[in-house]
Structures are given as structure tokens and as C-alpha cells.
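K.L.:
Just so you know, the sequences run in chain order A and B. For the first sequence, my numbering gives the first residue as 1, with consecutive numbering after it. For the second sequence, my numbering gives the first residue as 1, with consecutive numbering after it.
The hints are simulated quantities; they were obtained by calculation from the structure and are not laboratory data. Treat the hints with caution; some may be incorrect.
[Stated by the list, open to error] Covered by chain B, according to a simulated footprint, are these stretches of chain A (three or more residues, beta-carbon under 8 Å):
#: 1; region: 162-171
#: 2; region: 188-198
#: 3; region: 209-218
[Said to hold, decoys possible] A partial selection of chain B residues facing chain A, derived with a Cβ cut-off under 10 Å:
#: 4; residue: Asp-13
#: 5; residue: Asp-15
#: 6; residue: Lys-23
#: 7; residue: Ala-26
#: 8; residue: Asp-33
#: 9; residue: Cys-67
#: 10; residue: Thr-76
#: 11; residue: Trp-81
#: 12; residue: Phe-96
#: 13; residue: Ala-109
#: 14; residue: Gly-125
#: 15; residue: Arg-129
#: 16; residue: Glu-166
#: 17; residue: Tyr-169
#: 18; residue: Ser-176
For each residue, glycine too, the CB sits at the ideal point set by N, CA and C.
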Amino acid sequence: MSSHNESILREPLITGKDITYAKITDDILLPVENKPNKAWWIGFTLASLGAMLWVVSVGYTFWTGIGAWGLNKTVGWAWDITDFVWWVGIGHAGTLISAVLLIFRQNWRNSINRSAEAMTIFAVICAATYVVAHMGRPWLAYWIFPLPNQFGSLWVNFNSPLVWDAFAISTYFTVSLVFWYCGLLPDIASVRDRASGLKRRIYSVLSFGWNGSVKTWQRFEIVSLILAGISTPLVLSVHTIVSMDFATSVIPGWHTTIFPPYFVAGAIFSGFAMVQTLLLILRKVMNFENYITMFHIESMNKIIMVTGSIVGVAYLTELFIAWYSGSEYEMYAFENRIAGPYAWAYWCMMTCNVISPQLFWFKKIRTSIPISWILSIVVNIGMWFERFVIIVTSLHRDYLPSSWAMFTPTWVEVGIFVGSIGLFFTLFLLFLRFLPGIAIAEVKLLLKSSSLQHKTKLAQEGVFPAEQVEHFANSLEKYDSVSKEDINALTQK
Amino acid sequence: MSNTKYILGSFADPDEMMEGIDKLQANNISIYDCFTPMPIHGIEAKLGVKPSRLPIAAFIFGAIGTCLGFSLIYFTMSYDWPMNIGGKPSMPLPNFVPITFEVTILLCALGMVATFFYRNHLFPGRAPRVMDMRASDDRFILAVDASENANHELIDSLLKEAGAVEVKYNERKYVSYE
Chain A
1 MSSHNESILR
11 EPLITGKDIT
21 YAKITDDILL
31 PVENKPNKAW
41 WIGFTLASLG
51 AMLWVVSVGY
61 TFWTGIGAWG
71 LNKTVGWAWD
81 ITDFVWWVGI
91 GHAGTLISAV
101 LLIFRQNWRN
111 SINRSAEAMT
121 IFAVICAATY
131 VVAHMGRPWL
141 AYWIFPLPNQ
151 FGSLWVNFNS
161 PLVWDAFAIS
171 TYFTVSLVFW
181 YCGLLPDIAS
191 VRDRASGLKR
201 RIYSVLSFGW
211 NGSVKTWQRF
221 EIVSLILAGI
231 STPLVLSVHT
241 IVSMDFATSV
251 IPGWHTTIFP
261 PYFVAGAIFS
271 GFAMVQTLLL
281 ILRKVMNFEN
291 YITMFHIESM
301 NKIIMVTGSI
311 VGVAYLTELF
321 IAWYSGSEYE
331 MYAFENRIAG
341 PYAWAYWCMM
351 TCNVISPQLF
361 WFKKIRTSIP
371 ISWILSIVVN
381 IGMWFERFVI
391 IVTSLHRDYL
401 PSSWAMFTPT
411 WVEVGIFVGS
421 IGLFFTLFLL
431 FLRFLPGIAI
441 AEVKLLLKSS
451 SLQHKTKLAQ
461 EGVFPAEQVE
471 HFANSLEKYD
481 SVSKEDINAL
491 TQK
Chain B
1 MSNTKYILGS
11 FADPDEMMEG
21 IDKLQANNIS
31 IYDCFTPMPI
41 HGIEAKLGVK
51 PSRLPIAAFI
61 FGAIGTCLGF
71 SLIYFTMSYD
81 WPMNIGGKPS
91 MPLPNFVPIT
101 FEVTILLCAL
111 GMVATFFYRN
121 HLFPGRAPRV
131 MDMRASDDRF
141 ILAVDASENA
151 NHELIDSLLK
161 EAGAVEVKYN
171 ERKYVSYE
């Protein structure tokens, strides 16, 4: 059945009065069916300027070669790989929300999964560009794949984690894209059936002829579930393999077995922070406050807190093991991180990633929108520094002291990084303009079980014990989209 | 009335549509299909729709992926051109795991989704076979084949009794054709 009486102890996932199935469609399709507002245009202008900077910087790199970057003989990986790992990590939250939370039947994912998955896809696009750019000769990028070639029957080295990475990232991108697009089909059909003229034709092609029959929905749900089931190990494998790019080398500071779980936790940590950054603005600008509620914000903050703590424990474990190993190279690598020339980056990472998420233990902070937004950005800055610290501080002190060097980025690297943020937001804003930013069909599922109005109706009918209703009323106080009258309505007959 | 091909009960509430199904089935009226804006859990059991066999397809594609992935690495690394890399064996099985796994996932996902699209005739540009334009918005549509079930008045009254907001008599099967 589409409705069952969910316990009133659970907080509502849809707030607002007089929400009907039609209103959900209207609200979510408002940005798709109308001309964009000023906020969208301002955002889009800024983002596309950033994207242009990206085109210029990447174009310059391709034209001159990687000599345009600040790399030297000692520090051969720096901003490029830092940014690559940063973007891939950000992408992981989308899969976590759409796949892992689906398997665990966390219904609050229904209103945030679409935009989070879109974020995954755009983040992986940004990440992939660094790999291609770092190859130096991007027109030979296909050499990473095991194609029969005219240079003799020499194959790629499948023992190399870099080759695993090529397979992992391309599989991850493909599966994420397929997952996202399958989920979009019913919503594109909603746009199609309400549109006319050319718009209808375009959305008709995009909808693949979706009609919402029993068999379609049945198979759709199976496909979603299995895609979620296979995406979960996939997402873990992708960041594990990314971490093996470092862990299988013999560089002190990289050669550690803790890397795979530590990288995966860090990826989820930074990914949720990025989702938070995007959704807090999205819900305000697109008027989605009734669908992306305080419960969603608080839940994501809790995940940021948990994964941030895991990352913190991993940092301390790394330090302990460096000392416990008795290896002087390993010990020096970490001494150098803490007190060497890049100590500022290390302490920046420590503050942003270990201390700031602990603030979420306070309910006031966890449910404050401005503070959550600022902290989400702090976390992403911290996670960028984590990768910078791992990569640059481990490399810049070579085995031979005569090779010791420092790394300074050139304008090209800075341009590619700032530009990739612009590219990401350009794609994201275009997505919000042309496709439904919230999964309409999945939110409709919640209307008759988890919405405030449904729970209010049942409470008024006296279905629940009074103390449970009181608990529910207290939990509503943090909601910015619930008024005093809404709370009082719970106890009226 | 005689030109009617399909009778559609248009419901505003999924539970009322489920009641409509019960009422029609109690009167031995066969239901053609239901079109809804969201998945309705439990409707398959009611309508006697068999469980999907897509998981089997997914498993088979995944297994093919495992075999292909492993064969690719085995062929290139151990058979076609075994290389001496630091004196290590030319078939280091642990190193074969990541790519075998990725190819398994890739083939499983693509194969299953392709099967889904094939079985449901979903492809870009397919003309949507829609019986009621609001079925993707806020209406839950219960379709009854008018020629198979002659007693139209009974269907009409049963649907309305269950709570149908509107009962339509469509002379064309699909309203979406231009």
C-alpha cells in the first residue's frame, strides 16, 4: 500500500499545509517550466566565467605541456592530483545517498538523491579532466586502455593501480550516469505530459516513452535496488583504488595500509559537505524548504560529524603508526608534516577536518543553517588541504637531501582549479534549469506516510498516545518551515 | 458508447485506486493496467503480476563481466605477452581483483538496464503510450478494456463507489499521439 501509519516519533520529511500530489509536481517543476530568476542568472554568469577560465587554463596546458605547471623533478604530483582526488571524493556522497541510503531504506534520501547524484556526475567529470590533463599529451589518453595497437602486442600493465583507476573511474561514471538517468525517466515524463510544442517533443525523446504502467514501475524499482546494491561496493572500490595510487608506492607517508578506509571516510565526509553547501542554497533559491527540511540538514550534519571523526581517528592512527613502525623515513615524513615548511597546510587540515565537525555535537549548531553552510565550506577546504598535505609534503623531501624542493603553483594550476569549480557549478545550474532537481515520484511516495500534514491529521484523530505527539511537537521546533500554528494544530481535535 | 475502447477510472488517491481494483476484481472485471505517478507497493500481488526476473539477468550479466574481465587480464598479462616485472609471477591473482570487479559491476549495470529498456520498450524517441496525461502528475489511472467487459454501467458505478474522481470513456487507446 502506498500509505501506512508511520510512527509519529519519526520527524516529518515533507512539511507545509495543503500539499497534494499536484502541488508536489508544481513546486518541483517550477524552475523547469518557468524562466529562471535573477539568482539563477547571477549564479550562472559567475559559474560560466569560471568555466571559461577553466577552458583557458586547460587549453594553455595542452598547448604548452605540463611545464606550464609549477611541478619540478622532486614534486611531480601536486595540485592536479590533489584536485582530482578532491573532486572524486566529493562525488562519492551522491552515490552514498542514492545507493547506501536506499539499501538501508532511509526515506529522507528521496528528496536529496537527485541533486546529489547530479553532483556526483559533474564532480567525476571535473576529476576526469585532471587525469587527462596530467597525461600531458591528452590526445593519447586512450593508451591507458588495453587496446590492440600498432606498436606491437604490448599491453597496459594491469599490476598498476593507475590502470585500475582508469577502469574504476570510468565504471563509476558510467554506472552513476545510468543510475541517475533511470531515476530521471518518470520525472522527465512528468515534464513531457505538462509541456507543449517543441518542449514536449524534446522531453518526449528524453523520457524514452515512459508511461508509468504497473510493469514499468515494478521493473524500475528492481533496477534501482540492484543498481544501489552494486553501486555500494563500487563506490568503496573506487576510492580504495584511488588511495592505492599512493599506498602501493614506496614513498614514506603514502605507503600505509590505512589508506583505503581512511580515503573512503574522507570522501564521504567531503561529499556530504558539498551536498550541504549546494542544498542549503538550493532549498532557499528554489523554494524547496518543504521538501528539503531541517531533518535532512541535521541528518547530513550528523553524517559529516561521524565521518569527520573517523577521519580524525585516521590522522591520529597515522601518527601513532609512524612512531610505532620505528622506521626513520616514516617518522621523518610525519615530523616534516607537523613541523616542516608545509606545517601551515597540515594544521589547516587538522583544524578544518578534525575540530570543526566536532562542533556538530551541539544541536544549536547542527540545526543552524548559516553555521552549517559555513562549516560545510570549511570541511571542503580542509579536505582539499588533506590531499595537498598527503601529496606534496610526502614528495618534496626526497630520499636524497640534494633533491629536496618546494612546490609553488603557477596561475595555470590555480586557474584550472578555480575554473573546475566554475565548470561544476555551470553544469549543476544547467541541470537545475532543465531537469527536476528533486525526484518527484519518490517524494510523492512520502506524502501519505511521512508528511507533516498526514501526521497532523492522524494526531488529530487521536491515533497516537499524547506523550508521543508531544515528543513529535517538540522535535518540530527546529524546523524553519514549520510555524507555531502548525505545531499547535497537532493537539487540536 | 459502442466506440469506447477503454474505460479509465481516474483516482486522486492511491488507496482509493487499490479499493477500485478490489471492487472490480470482486465483480470479475479484468483490469488492463494501471498508470501511476509513483510506484505503488503491493499492486503487483493484487493484479497477479509476476515478480520481475531482472535480478537473474543482472546476475548473468555480472557473471559474464567477471569472466570477460578476468580473461582480458589473463590473456594480456599471463598469456599473450608475459612480462618480467621485478621477477614477480606473471599471474599475480590479487592484482587481477580490482579490474575483474570493475568489469563485473559495469557489465551487470549496463546489461540489466539494457534488459529493462528492451523489455519495457524504452528507448530515446519512442512515442509515449499514455492513456491519461495526468497519470504522470497527480492521477492514479485504472484502465479497463471496454470490449472485454460489457457491463459499462457496473464498471462506472464501481469505480465511482471506490472514489474515482472521474470516469473516462476513451475511444482511442492512447491519447498521447498527436
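K.L.:
Each of the hints needs a verdict: does it hold here or not?
P.N.:
Now the hints, each set against the structure:
1. 162-171: Check passed, 5 qualifying residues.
2. 188-198: n = 5 at 8 Å, threshold three: holds.
3. 209-218: holds (count 10)
4. Asp-13: holds (8 Å)
5. Asp-15: Where the cut-off is 10 Å and the nearest Cβ of chain A is about 6 Å from Asp-15 of chain B, the hint holds.
6. Lys-23: Violated, about 16 Å.
7. Ala-26: Ala-26 of chain B check fails; min Cβ-Cβ to chain A is 18 Å, beyond 10 Å.
8. Asp-33: Check passed: Cβ of Asp-33 of chain B comes within 5 Å of chain A, closer than 10 Å.
9. Cys-67: Hint on Cys-67 of chain B: violated, closest Cβ of chain A at ~16 Å, above 10 Å.
10. Thr-76: It holds, given that the least Cβ distance between Thr-76 of chain B and chain A is near 4 Å, below 10 Å.
11. Trp-81: Because about 6 Å separates Trp-81 of chain B from the closest Cβ in chain A, which is inside the 10 Å limit, the hint holds.
12. Phe-96: holds (7 Å)
13. Ala-109: holds (5 Å)
14. Gly-125: holds (5 Å)
15. Arg-129: holds (5 Å)
16. Glu-166: Status violated, d = 14 Å.
17. Tyr-169: violated (20 Å)
18. Ser-176: holds (8 Å)
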